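Undergrad: Sequence:
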Amino acid sequence: MRDRNSLNKVLLIGHIVRKPEIRAIPSGRSVARFQIATNEQIFNRETRQSTDRTEYHRIVAWGPLAEFCEKFLDTGRQILVEGRLRWRSWEDREGNRRNTTEVEAANIVMLGKRMAGSPETQPEEKGIPSEDFTDVSEQVAEDFPEQNPETDEDDEVPF
Numbered sequence: 001m002r003d004r005n006s007l008n009k010v011l012l013i014g015h016i017v018r019k020p021e022i023r024a025i026p027s028g029r030s031v032a033r034f035q036i037a038t039n040e041q042i043f044n045r046e047t048r049q050s051t052d053r054t055e056y057h058r059i060v061a062w063g064p065l066a067e068f069c070e071k072f073l074d075t076g077r078q079i080l081v082e083g084r085l086r087w088r089s090w091e092d093r094e095g096n097r098r099n100t101t102e103v104e105a106a107n108i109v110m111l112g113k114r115m116a117g118s119p120e121t122q123p124e125e126k127g128i129p130s131e132d133f134t135d136v137s138e139q140v141a142e143d144f145p146e147q148n149p150e151t152d153e154d155d156e157v158p159f
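When we follow the numbering used here, the leftmost residue of the sequence shown carries the number 1, and every step to the right adds one.
Since the hints were made in silico from the structure, they are not lab data. Owing to the predicted nature of the structure, the values given are computational and were not obtained by experimental measurement. Yeah, the Cβ is synthetic: ideal placement off N, Cα and C, and Gly gets one too.
Each computed EDC-like pair below joins lysine to aspartate or glutamate, with the alpha-carbon atoms no more than 16 angstroms apart:
id : residue 1 : residue 2
1  : 9         : 82
2  : 19        : 67
3  : 19        : 74
4  : 19        : 70
5  : 71        : 21
Label-pair restraints from in silico Cβ distances:
id : residue 1 : residue 2 : range
6  : 45        : 6         : 31 to 37 angstroms
7  : 85        : 18        : 19 to 25 angstroms
8  : 46        : 6         : 35 to 41 angstroms
9  : 82        : 54        : 17 to 23 angstroms
10 : 41        : 8         : 23 to 29 angstroms
11 : 49        : 2         : 45 to 51 angstroms
12 : 51        : 97        : 31 to 37 angstroms
13 : 23        : 51        : 36 to 42 angstroms
14 : 21        : 50        : 30 to 36 angstroms
15 : 71        : 35        : 16 to 22 angstroms
16 : 40        : 95        : 33 to 39 angstroms
17 : 46        : 5         : 36 to 42 angstroms
18 : 84        : 39        : 21 to 27 angstroms
Kindly produce the complete structure, drawing on both the sequences and the hints.
TA: Laid out in structure tokens, this is it:
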């Protein structure tokens, strides 16, 4: 019997690395892809010094949420992303098998002050849930391959 008590939920608060890239897949549905950076301070008890560690997370948003990203999100903006962790693989142009892990966003909330260069208007809601939250990993692999597969180093999952 399968254990039905499982959870795949990701909450991230970070800053947008670059303005989201928006595309329409062949079905006409919009998809946004971007990265956010999260920072963590690590304290070394031996040296009594702290260092910052930055992690980068790939985010994918679909439909109206992708359109929200295009209209309101810009480089440097602090956001909260709620979604699911997704793993997918595809074959690059040279025929190599590539893998990546990304967060499929279900909700995005803008945080903090508006940064210079961001849109003057704010949406009525700070977050817009995605229209549906179906498993689209197969569709993503076929319709939206990585732009820079050389930067993907997720070929081996460490756990």
